[in-house]
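Participant: Here is what each chain is made of, one letter per residue.
2 protein chains.
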Amino acid sequence: MAKELKELTSRAENYSQWYQDLVIKADLAENSAVRGCMVIKPYGYAIWEKMQRALDDMFKETGHVNAYFPLLIPKSFLSKEADHVEGFAKECAVVTHYRLKNAPDGSGVVVDPAAKLEEELIIRPTSETIIWNTYRNWIQSYRDLPILINQWANVMRWEMRTRLFLRTAEFLWQEGHTAHATREEAEEETKKMQSVYARFAEEWMAMPVIKGVKSESERFAGAVDTYTIEAMMQDGKALQSGTSHFLGQNFGKAFDVTFVDKEGKTDYAWATSWGASTRLIGALIMTHSDDNGLVLPPKLAPIQVVIVPIYRSLEQLAEISKKVDGIVTKLKALGISVKYDDADNRKPGWKFAEYELKGVPVRLAMGGRDLENNTVEVMRRDTLVKETVTADGIEEYVKFLLEDIQKNIFQKAYDFRSTRIVTVDTYDEFKEKIEEGLFILAHWDGTVETEERVKEETKATIRCIPLESDKTPGVDMVTGKPSACRVLYARAY
Amino acid sequence: MAKELKELTSRAENYSQWYQDLVIKADLAENSAVRGCMVIKPYGYAIWEKMQRALDDMFKETGHVNAYFPLLIPKSFLSKEADHVEGFAKECAVVTHYRLKNAPDGSGVVVDPAAKLEEELIIRPTSETIIWNTYRNWIQSYRDLPILINQWANVMRWEMRTRLFLRTAEFLWQEGHTAHATREEAEEETKKMQSVYARFAEEWMAMPVIKGVKSESERFAGAVDTYTIEAMMQDGKALQSGTSHFLGQNFGKAFDVTFVDKEGKTDYAWATSWGASTRLIGALIMTHSDDNGLVLPPKLAPIQVVIVPIYRSLEQLAEISKKVDGIVTKLKALGISVKYDDADNRKPGWKFAEYELKGVPVRLAMGGRDLENNTVEVMRRDTLVKETVTADGIEEYVKFLLEDIQKNIFQKAYDFRSTRIVTVDTYDEFKEKIEEGLFILAHWDGTVETEERVKEETKATIRCIPLESDKTPGVDMVTGKPSACRVLYARAY
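As given, the protein sequences belong to chains A and W, one line each in that order. So in this note's numbering the end of the first sequence lands on 493, straight run, no missing numbers. So in this note's numbering the end of the second sequence lands on 493, straight run, no missing numbers.
Next comes chain A alone, as it looks inside the complex (with noise of 0.2 Å):
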């Protein structure tokens, strides 16, 4: 076994230090001298490209277009919209002078305090008010509408306790920001684009998710409804995957955003926010990935196959070589991206490791006894099994296994949470529960008061309302008041 597996902790042994090990192992990201902000390495960085490609194609399948807004916001324009400055006032970075200048003593650069600014700016936490204070002037009439703009951008949010990618001070993100002429179609909107995350969730990251309503304690500063997914990672803790927020004439008003409607009338406009984040490669990770390290959806994965010689001479592996390259051709000719590991450097067995670790989902090995007999080892890295098979048509084979392997690893977190999601009456009964990590449908009154006792009590949160979900009306577990449906609780990150 190579060096890098035996030092990943396992999930077993300490959950929270396996996900640390296997994102500093595999490559993906590390802390960076600013506190609170990572370093997203190639091989990370390349997951969220595909991620944002697949994300991109569907906002502009749905009318889409992408926009840049200022990474800057006047400070005053926080406190526009009540909820929203109470939200995100509290972490933010803050720029106060636009110079440094020689220390006097020769030391180094100093702050000029002569270049102090008027009014402080604050890097972005969310865009939602220098978006609609532009806005403003974009929409007079209801033929302005609806605006359906996303932007790809880093926020920042000043975060006392950090995690890579799950919660970090910096991260990268899109926003999605639409502006439309009638409630109805602003809400229409917030729900096709929870729509869209949890395909992309299901489809792309092989995750299945639980599309609901926030309450109004987990609400987005600011909105009048939040929809959210909600996933389950290994250890039954909830991960929130994307959200999309129905805004009604909030910001409208905040920023005097007005139109004339098709009967001359004047009115606000209606508003919509939706965004997803460099968290859901967290969400992947934690979804699928093994103590031997990553196991990657096919789609998303950088390398889809790897291919290592196993060779005895050079003039064997010039043979191997030769065989291989066709095999290349024909799986790049499928769009199937390949990488054939050929170094010198390395045993094989230290490769075989390294792959595992990097969740390649196919991997092809090639020897003499191969060359003689027409073929190939192949591994898949979900299920760790391996198997000779024929080199013919080999490529057909693999796109076949890649296929499957994107539908086995859903189905296996999807069987997974279906075992791990309760039905609870009693507030006992759901202090045990939660305590073994489960997802838990219960009764509850609608109140604050006993939203934030449960969280107190048991760290768990409502995740939230189920959109699909028994609608039977009951009482709550712990206070015994009328409740129109069942929550989902659980321990979330």
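Because the hints were derived from the structure by calculation, they are not lab data. Check the hints yourself; a few may be wrong.
Identical copies carry no separate label here, and so any pair may be met within one copy or between two of them.
[As the list claims (entries may be wrong)] Okay, derived cross-link-like pairs now, PhoX-like style, lysine-lysine, Cα gap no bigger than 25 Å in a straight line:
1. K60 with K50
2. K386 with K351
3. K323 with K101
4. K211 with K80
Add chain W to chain A, keeping to what the hints say.
Facilitator: Coordinates of chain W only, in the frame set by chain A:
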């Protein structure tokens, strides 16, 4: 004539105002509420996305991968490379605090003095320092080299006088940062990336460029050599359109990045960096556009073909639409992006002017007579020439036109430049020619003093020492001192 056309200032009247008008009226970008920062509107951003895709593909073809480094840089990092801090500390946004709080008088939010950072952070003006601080941990042996990384990011330089795309406080760019084991390899990389930029400019932007090396005073702060591509705008000014820097061991030494070579000897790593930005959109506009609006190279045009129906009744519109549907399908099958604008609230004349303004390369129009005759009216944006052609095989003709326009506007720009590069031997003639907006090849004695004097007296700077040019020695036109070769002088953006 539509309103927009009339309002566009002509180039002859006021070139600078023409540019400003065009950026705004063609919906490319606008100024934001934050001084010096722009909003890139969807149509402008769509051009940037096309540029990004093409450049990114070229970077990957040449072996590079993408990654992401933090937005914020500790102040002390800037001071580690002496020239670099002089170049960049003067104009940067400084983060000093990480929290706002409610103002005691309820008037909004104020900076929380308790949340002052121990060390101030700078919004990256460029990322050499944070990246080389990171590379220190990635590089131990020659086996870790080369590192060939690119980053797509926003950067910020606190410019006092800004112009949309050409000079803004925040802009989008890519910055490549590579590390090598030998000087030769790093120099080769520097030149390779200059060639990639030149190829992109000429093949995609249809913008001819001159490749050269910067004089010492025009070098990037911290570089040993800066390689540039320089383009001529329609007013005869030069626009630096991409730079590639050979950084020697300056950053290796500043950040103590050493490696053990094959012989077991320790040395500092060799560096390059190279970047191109949203400024290229400004270059694109000023190279090809005319008094009617944008002229976009087909390869970068968000919409390559627009089709406008001309109808007298809804019945006729239905017939035209049916015919157009077939054409749209065929165009799309050829990979051509096409928009059918059948909006009923604008007249054809308005639409014609609008798409001319927006630089759509080919416009098709179809009316009643076209239906009868099985014809289409075709207009190409570069020459504004209209013709009526048969509808059979129109898709192939459009494809030919797009390729022809791409070639034609390159040739036009090339011919324009050819007539405006002159060789000059006396300072008097130089002063005369520089007023005419020409590029001037003149002898230079190699001193900063002469360069500065010419700049002060004529506002012309040495754009570069061209790579391909007459290398016959001569005498400096100003001082009469010996000169190794002619350099390229021009006024510049």
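Participant: I want to check one pair: K211 and K80. Are their C-alpha atoms no more than 25 Å apart within a copy, between two copies, both, or neither?
Facilitator: neither (31 Å within a copy, 50 Å between copies)
Participant: For the identical chains here, do K60 and K50 meet the 25 Å Cα criterion within one copy, between copies, both, or neither?
Facilitator: Both: 16 Å inside a chain and 14 Å across chains, each within 25 Å.
Participant: Within a copy, between copies, both or neither: where do K386 and K351 come within 25 Å Cα-Cα?
Facilitator: within (16 Å within a copy, 62 Å between copies)
Participant: How would you classify K323 and K101 at a CA-CA limit of 25 Å: within, between, both, or neither?
Facilitator: neither (63 Å within a copy, 67 Å between copies)
Checked against the numbered hints given earlier, this structure breaks hints 3, 4; the rest are met.
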